[in-house]
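Got two chains here, separate frames each, mind docking them using the hints?
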Amino acid sequence: MSNAYLAYAAKRLAQAFIVILLAYVFTFVVVSILPGDPITNVLRDPQNGFTEDQIKQIIAAQGLDQPIPVQLWTSLSHFVTGDLGLSMRSNRPVTTLIAEVLPSTLILASAAFAIALLLALTIAYGTQFLPKRFGQGLLRGFPSLFLSVPNFVIGLVLIHVFGFQLGLFRVIAPDSFWATFFAAVALSIPVSARIAEVLIANLDKEAEQEYAAVARGRGLTQTRLFSKHLLKPSSLPVVTVIALAIGELLGGSLITETVFGRTGIGSLVQRSVSTQDLPVLQAVVSLAAVVFVLVNLIADLIYPLLDPRVKLIGGRGRRPTTTDDSATATTAAVTS
Amino acid sequence: MTLASFSSASRVTAIGRLTAFRVPPTVALSFAVIAIVIAWSLAPGLFTNHSPIAGVPAEKLLSPSAAHWFGTDHLGRDLYTRVVYGTASSVASALIAVVIATVAGGLIGLLAGFLGGWVDIVLARLVDVLLAIPNFLLAVIVVTAIGFDTTNAAIATGVSAVAVFARVMRSEVIKTRQAIFVEAAFLMGGSRWHILLRHVLPNASRSVLPLAVLQFGLSILVIASLAFLGYGDPPPASDWGLLISIGKDYLKWPWLVYAPAFVTIATVLSVNRISRWLRKTD
Numbered sequence: 001m002s003n004a005y006l007a008y009a010a011k012r013l014a015q016a017f018i019v020i021l022l023a024y025v026f027t028f029v030v031v032s033i034l035p036g037d038p039i040t041n042v043l044r045d046p047q048n049g050f051t052e053d054q055i056k057q058i059i060a061a062q063g064l065d066q067p068i069p070v071q072l073w074t075s076l077s078h079f080v081t082g083d084l085g086l087s088m089r090s091n092r093p094v095t096t097l098i099a100e101v102l103p104s105t106l107i108l109a110s111a112a113f114a115i116a117l118l119l120a121l122t123i124a125y126g127t128q129f130l131p132k133r134f135g136q137g138l139l140r141g142f143p144s145l146f147l148s149v150p151n152f153v154i155g156l157v158l159i160h161v162f163g164f165q166l167g168l169f170r171v172i173a174p175d176s177f178w179a180t181f182f183a184a185v186a187l188s189i190p191v192s193a194r195i196a197e198v199l200i201a202n203l204d205k206e207a208e209q210e211y212a213a214v215a216r217g218r219g220l221t222q223t224r225l226f227s228k229h230l231l232k233p234s235s236l237p238v239v240t241v242i243a244l245a246i247g248e249l250l251g252g253s254l255i256t257e258t259v260f261g262r263t264g265i266g267s268l269v270q271r272s273v274s275t276q277d278l279p280v281l282q283a284v285v286s287l288a289a290v291v292f293v294l295v296n297l298i299a300d301l302i303y304p305l306l307d308p309r310v311k312l313i314g315g316r317g318r319r320p321t322t323t324d325d326s327a328t329a330t331t332a333a334v335t336s
Numbered sequence: 001m002t003l004a005s006f007s008s009a010s011r012v013t014a015i016g017r018l019t020a021f022r023v024p025p026t027v028a029l030s031f032a033v034i035a036i037v038i039a040w041s042l043a044p045g046l047f048t049n050h051s052p053i054a055g056v057p058a059e060k061l062l063s064p065s066a067a068h069w070f071g072t073d074h075l076g077r078d079l080y081t082r083v084v085y086g087t088a089s090s091v092a093s094a095l096i097a098v099v100i101a102t103v104a105g106g107l108i109g110l111l112a113g114f115l116g117g118w119v120d121i122v123l124a125r126l127v128d129v130l131l132a133i134p135n136f137l138l139a140v141i142v143v144t145a146i147g148f149d150t151t152n153a154a155i156a157t158g159v160s161a162v163a164v165f166a167r168v169m170r171s172e173v174i175k176t177r178q179a180i181f182v183e184a185a186f187l188m189g190g191s192r193w194h195i196l197l198r199h200v201l202p203n204a205s206r207s208v209l210p211l212a213v214l215q216f217g218l219s220i221l222v223i224a225s226l227a228f229l230g231y232g233d234p235p236p237a238s239d240w241g242l243l244i245s246i247g248k249d250y251l252k253w254p255w256l257v258y259a260p261a262f263v264t265i266a267t268v269l270s271v272n273r274i275s276r277w278l279r280k281t282d
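First to last, the protein sequences are chains A and B. Counting from 1, one number per residue, gives the positions in the first sequence under full-length UniProt numbering. Counting from 1, one number per residue, gives the positions in the second sequence under full-length UniProt numbering.
Isolated chain B, as found in the complex (with noise of 0.2 Å):
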């Protein structure tokens, strides 16, 4: 990160212009990989010309080149092309991830701080064993039992990062329950549901933002951890994991393993950057 800053930093007029937003270089710099990866998995025919598929075997194992940016795998195949491709899957399964996360992370913190009494006591014991077995280990059992696709080692990976979001969501709920204004809302007659729809929850989910971008993160890592295992959709998918797991076994060409692993490095360094710009902002 001070890396980026420190290369940004003879551009005076472009940060004139983010500190005006009052963004810092490398969160504008986090951003602008963001977008690029979106782009990638929105519309990856656009970037690149290759298939990802099919090969051409007189290419195969070339090093990196104005051609082949991320030069070529053991089928010939362009590898900056199915780092593009298999960007979608990557992103898309973070994304899934983070949602049921969120959700039923969200769902279970609000109940158990919001209603309380045996409700709070039976959930926080349903949280505490999901914190005590190990995050890893808990997204490999769950994508065991289901099968092993790429949705659904997002999915494991959902449900071994509910615990974290349920407890934020708990804490967040109980402090904003002591608000004057929830206090005065009650008084006023509000409902339980409505005063917990329009109070508490916009208000308490303010905080798991930042927590949920940050996840995100965590979630291409641990879904690229369970590709990397196999768990995950078989080749030819591209998934950056998978890349790097085909990669492994080619370490005299260390652009196959280097090139994917970059491009999940620097998203996940973006998404964090994000989320600590987020926090400190809130």
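The shape of chain A in the complex, shown without the other chains (with noise of 0.2 Å):
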């Protein structure tokens, strides 16, 4: 733990918690433009039974006739010591709404990120064993072909082939074993490609380097490279990858979610979508924005820890990974 480094990690932790924030921000904006006016259309609900005088009472209780930055300042305070507000929908706080959902969701995303790394790793490294002619080219593909199918479209195959066709699980049981199976495979395939992508270009890159060159004149197997040489250095941005596809499952959860009938964090923000319920929708995507920072912030700080190589801002070089120093720097070495 050098000086470079806890300056380092104490100038990523200070904008991840300034991104944060402003995620909310942003957030609370694009939901306050929204049209019409959702707020009174709930209170006026005939079914809430309200009167005019108790909805003004309401409306002044909860801060909402103030002006929007007020109203902002309200809320991002009450963001920061954890209190999402009420739902306007049912009126339960939003923390233990999203507390319900969210095993269901967790277990889909983490299954579907298992499945994701197999199949990445798996494509990956095959494509170093299999010969040029006869299969490479075709593992090749895969990563592209796998971004180019809708994400509903795999599910609904999926529910076609394994649901109706082959009978391992039913359509009105889906949190059964192969409901949830087939439900995390559809969502991993999308996020396997990003990985995939990223460890074939380095497995590439690695493989042309000359020490590379050099084992294989000394008479290595490609099999002894690979595991001796290729495997490691070539797995480590990983890492950072990993990161980006917990924003790619989140993202995904929703589609997936809805395909497959499932509960989860995605049926929550469709629900709140069709029923204007703006504080779930902000409490939601604030959270996963805060999730999203965290892990590439954590992923940001072990990286220099794994990869000795690596140098620091607070030093005098920068880390190779990056071209600028946001927030999110990690993402630049997919993204460009």
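Cut-off 25 Å, straight-line C-alpha distance, at most; resulting in silico cross-link-like pairs (DMTMM-like, lysine to aspartate or glutamate):
no. : chain 1 : residue 1 : chain 2 : residue 2
1   : B       : K248      : B       : D233
2   : B       : K280      : A       : E206
3   : B       : K280      : A       : D204
4   : B       : K280      : A       : E208
Just so you know, these hints were derived from the structure itself, not from any lab.
If you want it as structure tokens, here you go:
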């Protein structure tokens, strides 16, 4: 733990915190430009049976008659203390609503992540072993193919083939093992493609290095070259892709949960969109940003520890994976 | 892609002609697919005699045949016709998304990279925020905020992709700024705006082109997903995502899902192939 590392860590921590706050503000602004007036729409809903006076009282009590900046400040200060407010539809704390559906999404997402990793490793390492003429090109085409198929189509095909034709699972029991498994497969495909792309590019780069040529010249077999020399340096950058995959999993769960009829964060978002339940939307989007930023932060913080070649911003040099020092620096490796 | 190259490998003369232009056969095939898609969106009436809206109830849920290439749907409408007529909206909306992402993202990146200093810092944080929210979730809340229809879905998709373009443009601008010819232009007394527009922008935007093409394919997918969730135009519009969404309720007649899905995948795959080819030839 050098001074440079601590300085770097402190800087990244501060950046992450700022980005999370700004993400909250951004969501607040987007959500508050909603057309119409969803708040009084909900309150005036005849089912609630409020009188106009009561509505005024509620609005005043919630501070909703204040100007937008004041509202933003109140809501932001609540957010920092972990209070996400009440759902406009069910009148229950948003944190409770999210906590209820979170386990289901976590199971789905972690299963999908495991499958994605397995799939990506198989594809990427396969490209190093299969002969050029046969199979390798096909494997190299997989990530691109995976990224060209809409997520919901994969889900529908899996339901059609394994659910309807082979009868492995029933659509009306979305939490059964096989239903969860195939939902996870559907969610994992695009994620695995991103990981595989980076892995393949890294493996190719390492295989061209001089030390690899020397090793080959000394008569190492492809298997030994791969396991002794190429595997480790090319797998390290995957740490940073994993951080990106989290966002993909969260966004993808929206579609996958709808297709497979699961309850979870995704279906909660969908329900909140159709009922214009702003506090829930605001909370989910902000939490997604928090998760994304934190995972990126962790990836950025452990990366220099894993790879001693990496120089830190606090020192003289810069991290080789980044071209700029923004808070989600790891994304640069993939997007550029 | 490799599958395609196997099938066309037999036509040696055609390949010889293509390699003269340095266009790999798979790329040529991709351009052909895109040409068909563009033709479909410009003049759908030329490609089919059926109506995309009025169906023949007696002919509902027929399997694909010579008369109905993709079969018919639950109202007896020819699915191929529906796909062809849905092309314009699916492709145009993806185009809108790409234009928004390229122009807004490019501008942010250009300013951040060229001006530097506090402008760079402020814009970098904005980009960070856009990156921190998962793309699809961002598109969903934006489309919720501005209302459900296909154009708005396109705008939302564009907004969700701004960050990527800003980031790439910024790093390209910084790279170009340090080039010797830019320094020379400064020394010869060129104004900042002259250099920005004449030297930095053209050079920096070269690497944005493959990205824009890639984003076009991605946008088709995102907009299809939004349409699938019902955030696009309602039926009887026939956007590809909407067609698949309708088809999912009739899984006993799987072509209702597979046919529009196939068209979507073929289009996006072709776009991605062209993007990769552009990146390599650059």
